[in-house]
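Q: If you want the building blocks of each chain, they are given just below.
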Amino acid sequence: MNGRTISRSQLAALVDDLVGSGVGVVAPVRAPDGRLDYRPVARLEEAVLDGGLPRLSLKSLFLPPTEPLFSFRKSGPDVAIDSVPTTFPPRLVLGAVPCDAAGVAALDKVMGWDYRDELWFGRREATTIVSVACGKGDASCFCGATGNGPAGTRGADLLLLPLDDGFAVEVVTPKGEALLSAHAGRFGEPPNEADVARRRAGLLEGRVEPVGSLAPVTAWLGGHFDDPVWDGIALRCHGCGACASVCPTCHCFDIVDEPEGVTRGTRRRNWDTCQTARFTLHASGHNPRSVQDARYRQRVLHKFSIYPERFGELLCTGCGRCSRACPGGMDLPDVLGAIAARAAAPAGGAA
Amino acid sequence: MNATLDKTSFEPRLTAFVCNWCTYTGADLAGTSRLQMDANVRIVRLPCTGRIDPLFIVKAFERGADGVIVSGCHPADCHYTSGNYHARRRFAFFKELIEFLGLPEGRITFSWVSASEGQKWREVVNDATARVRALGPFSGYPGTELPAWPAAGAPAPNPAPGGGGER
Amino acid sequence: MKELRDLATKLLAEGTVNVVLGWEEGPRGVRPAFATDAAAAGRLVFDPRCTQNLVPYLSPRRTQVKKLGKAAVVVKGCDARAVAGLVRETQLAREDVVVIGVRCGGVIADPASPEPLSPATVADRCPGCNSREPKLADHTVGELPAAPPGESRRDVRIADLEARTADERWAFWQDELGRCVRCHACREACPMCFCERCVADKTQPQWVDSSPHPRGAFAWNVTRALHLAGRCVDCGECERACPVDIPLGLLNLKLARVASERFGYTATDDPAVPSPVGSFQKDDAQEFIL
Ligand code: SF4
Ligand code: SF4
Ligand code: SF4
Ligand code: SF4
Ligand code: SF4
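Residue numbers (the working numbering), protein chains in the order written: chain A, 1 to 351; chain B, 352 to 518; chain C, 519 to 808.
In isolation and in its complexed conformation, chain A is listed as follows (with noise of 0.2 Å):
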């Protein structure tokens, strides 16, 4: 590890340094109902290190649920537009759970692919992301057959994983190495190498992960649009969305102008699904995923077949979010698992 360690008091005290110099320091944080939320806090003590998964995920703090792209108004005969800022003042995420981190990593694809998204990378670039390896997995995590594990680095620029007192810091990315030199007096010496694998092992002891690997899913998936694995897949599913709320890599959004008066509006980018049969309907009244079946499909082939194949990674970090907010009880595993059942069976493997 090419790492040092913080105590715990000296990380509060880098907290107070980083809010005193106007970072504003953002972390998991106990809301009053119990669940966590990604906030701004003030102090460290404020923030819950290793609690497990915040409600929604860390993409929402660089693709929030809505947000303004322009203003517009009426400007005598013209119309004047009036743009948003986009860069954005340092930030720093301390806590993010490394499947959150991972899943900011992979959108960065899709946001700088055929059009580099401003916004998007203005917040990333504004940020740094402090993740703290997990040990609060539960049976609907499958990180490991996702390739990130509760120790993985993806996304971070620096990865904090708890000792007795205080952690032991990986380096990620230059960005980790700036933050670990501006404030070198808070770091100490590097942890013991023995200790660290201990530790590290540990969070994965006596997690069993509902799914395998998802490489020979992934590589059915791609000619098996019309398989009858897809029949009935969706018919306990609400299409609510709600899966794709909480999801750390579905991205999709809608666009709307939202007049504010008479002469003057905004436009907007607000989340999106395509769990909802609204998502695809035409203006004809014609929908080309008429069936929820259809819906899911996409669902699962966007993100382990459609995505990997463009941008040679999985969109999903095995989080398991989407299946615990499920009103319908769909779960990802159990629907992977059933997809790399039917690819397994000899008549699943023909094209």
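Incorrect hints may appear among the rest.
[As the list claims (entries may be wrong)] The calculated lysine-lysine pairs, modelled on DSBU-like cross-linking and capped at a C-alpha distance of 30 Å, are:
| # | chain 1 | residue 1 | chain 2 | residue 2 |
| --- | --- | --- | --- | --- |
| 1 | B | Lys-446 | C | Lys-528 |
| 2 | A | Lys-74 | C | Lys-720 |
| 3 | C | Lys-528 | C | Lys-720 |
| 4 | B | Lys-471 | C | Lys-800 |
| 5 | C | Lys-720 | B | Lys-410 |
| 6 | B | Lys-446 | C | Lys-653 |
| 7 | B | Lys-410 | A | Lys-74 |
[As the list claims (entries may be wrong)] Some residues of chain C that are not near chain B, with every Cβ distance over 10 Å (derived):
| # | residue |
| --- | --- |
| 8 | Glu-542 |
| 9 | Pro-632 |
| 10 | Asp-642 |
| 11 | Gly-782 |
| 12 | Val-791 |
Quick caveat, the hints were computed from the structure, so don't treat them as lab data. Quick caveat, the model's predicted, so the values are computed rather than measured. Heads up, the beta-carbon is just placed ideally off N, CA and C, and yes, glycines get one too.
Fit chains B and C with the ligands to the given chain A structure using the hints.
A: Positioned in the frame of chain A, the structure of chains B and C with the ligands alone reads:
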């Protein structure tokens, strides 16, 4: 013009949703009778109180109203026989819901004003305006405030070709 | 359980129905099941984890479920009120569905929880429930268990909110609704939200801004609560579906109280009782109208 209008103090904006047959005619009577009343109310005329969707009221607040008046025919007087009875149930639910959500009592005024009650309309308007004035401006949506309505009497900053202002 | 499975198997075997909507063991607790054969009927369960209301699947919009053929649905008392709601509002013909009632002793709030039914885990709607044996049923199975444990937390929360000032209530709800992402999961999971086209989806005119900013979140939640006023059957699905845990049940219950106090209506599984919206009394209270 209203003698009490003081441009330096807060002048609330009220939107009134009224039915065509009773209250609108009553308000008209108040006007033709040259009754003096607060000039803070913009009237939207609808066929019947039964046509007044609570969303109209929500929309009025979204677009900068500080208070709302809803008014129509007295029970048994509805031009369409039962529109006001249905509306009465709907507004009972709405009023209790919106107060539970924290909108102070007094921002919304419900009344029955008949075509002959020009005098009552004046009282409804003056009382509602006084209540809303005491409550202050409605600023319930932090972070998404809309531009203020132009001050009464002042020209709108960006007049639309038809002469319409920000509203 | 055997009684339920035998009945489902019999209904399928004799061709009375083509599918039985019930609950089965899933990877995360119990989940909705669509049993079309004896094997699946033999896997049906009913226990205190069966919190899901299955009646939304009978909505005319669920074309895939409809294609399975004539359905039987397993209902708890609260769910039976949803069947009655659909029948009352002509979305479902009573003879088009076979209703299997289960006698109920309360359910836990989270069907995936391994915890037993207790005052801490019980769903908010259950303590004090007076409809644990559905009346609107063609068949009723099981023994009546003991009454649900615990006390209603909602009553306390509503009383607490009502004791606060309007500004405090506004702040409370702005904070709660501030999490709303306008996914409309609350709508999709609701048995009584069956509109082909929701007013919130309409754009000309757009009465409800689609954005989840304070205006849009407020307008949507006022709309949803109000459109369910006097129609909500208190099955809890909306709040359970909400991915950000907004306490929608408080709004529903508040309006249910208005329905009962003002109009003498309580949600019932008797489809013949008229809903308090769409009906009126000439002497309805009108103390709030000048
Ligand atoms: S799965 Fe659906 S909602 Fe998620 S990113 Fe893909 S298309 Fe969008
Ligand atoms: S899978 Fe579940 S959460 Fe996703 S749309 Fe369907 S019912 Fe909703
Ligand atoms: S509300 Fe009543 S019928 Fe419904 S689950 Fe609870 S106890 Fe059972
Ligand atoms: S509003 Fe909620 S509690 Fe009421 S019927 Fe609909 S889903 Fe059930
Ligand atoms: S389910 Fe919750 S987050 Fe989604 S629209 Fe309803 S209240 Fe908002």
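Q: Against this structure, judge whether each hint is valid.
A: Going down the list of hints, with the structure as the test:
1. Lys-446(B) x Lys-528(C): With a Cα-Cα distance of about 51 Å, the restraint between Lys-446(B) and Lys-528(C) is violated, given a limit of 30 Å.
2. Lys-74(A) x Lys-720(C): Measuring from Cα to Cα gives roughly 25 Å; hence the hint holds.
3. Lys-528(C) x Lys-720(C): Not OK: Lys-528(C) and Lys-720(C) at ~45 Å, beyond 30 Å, violated.
4. Lys-471(B) x Lys-800(C): holds, 23 Å
5. Lys-720(C) x Lys-410(B): Holds, at roughly 15 Å.
6. Lys-446(B) x Lys-653(C): violated, 34 Å
7. Lys-410(B) x Lys-74(A): holds, 21 Å
8. Glu-542: The claim holds: Glu-542(C) sits with its nearest Cβ about 38 Å from chain B, beyond 10 Å.
9. Pro-632: Non-interface label on Pro-632(C) holds, nearest chain B Cβ at 35 Å vs cutoff 10 Å.
10. Asp-642: holds, 17 Å
11. Gly-782: Check passes; 12 Å lies beyond 10 Å.
12. Val-791: holds, 16 Å
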